[in-house]
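K.L.:
Here is what each chain is made of, one letter per residue.
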Amino acid sequence: MAEAITFYTIAACILGFAALVVTTKDTVHSVLFLVLDFLFVAALYVMLGAQFLAAIQILVYAGGIVVLYLFVVMLVNLKRAPEAHQDPHRLSKLGFGLACAVLIELGVIIVSGYMKAPPAALAAPAVLPVSGNTEQVGWLLYTSYLIPFEIASMLLLVAMIGAIVLAKREL
Amino acid sequence: MPITPTHYMLLSAALFIIGVIGVMVRRNIIIIFMSIELILNAVNINLVAFSSQQHNVIGQVFAVFVIAVAAAEAAVGLGIILAFYRNKESVNIDEMNLMRW
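Respectively, the protein sequence lines represent chains A and B.
Each residue of the first sequence is one higher than the last, beginning at 1 in my numbering.
Each residue of the second sequence is one higher than the last, beginning at 1 in my numbering.
Note that these hints are calculated values from the structure, not bench results.
All residues carry an ideal CB built from backbone N, CA and C; glycine is no exception.
Among the hints, erroneous ones may be present.
Footprint (simulated), chain B over chain A, 3 or more residues, beta carbon under 8 Å [stated by the list, open to error]: (1) 4–18; (2) 51–58; (3) 97–111; (4) 154–166.
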């Protein structure tokens, strides 16, 4: 029961703040709602027993990426409203309707699929030589997933150089 | 009623669609980038929910990779926004039609 109350509260906050991010007129407010949304997603990770990922979520998303967004919003001081000019060929309403249709479709598929075939018996959990969430994630990252881990670090390096080159005033 | 992975999948689908609506309807490119972050978060919720259901941490490892890619995407995307703003004094995607046709 307590689990259900926690889940529904967190889910309502996540969806509500996400809707506010998308609908708010002021971009700065939108970024602040995004921080709250990320914090509630981190709370959901804690509820699911993924404490390490919750810490990463707060450090990287709420701490790093959102600060980057705030910097850009402050740097780009908008003299005229960003939504002023509208392309007449743009079909916003059609896009909205199609997205809602996809949501209904996904909901029907998920619910009916679950009703027809309840989840199969759990596979035997992988036996790792360490216990504790952070230790397990670290063990997998540095053994089975070492090469993807190194590729991710290269990707971050390339993205960093690319961002510097793009944001530089003159090459 | 216990909370099953179905609940997490429905939450994730709803968050995903909110992100998609943001990408389709808004014209401010900064908001569009934030909607993309929401979409990536929806994916992460799914990965972590199944990882928790299967008692297997591999899903969380993949979520770490998704977060790394999201950070790279945000850095490059915001660099593009700044470069575009310097040229056109605007963040409206309806004015970004330089390479359209």
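K.L.:
Hint compliance check: list the failing hint numbers for this structure, sorted ascending.
P.N.:
none
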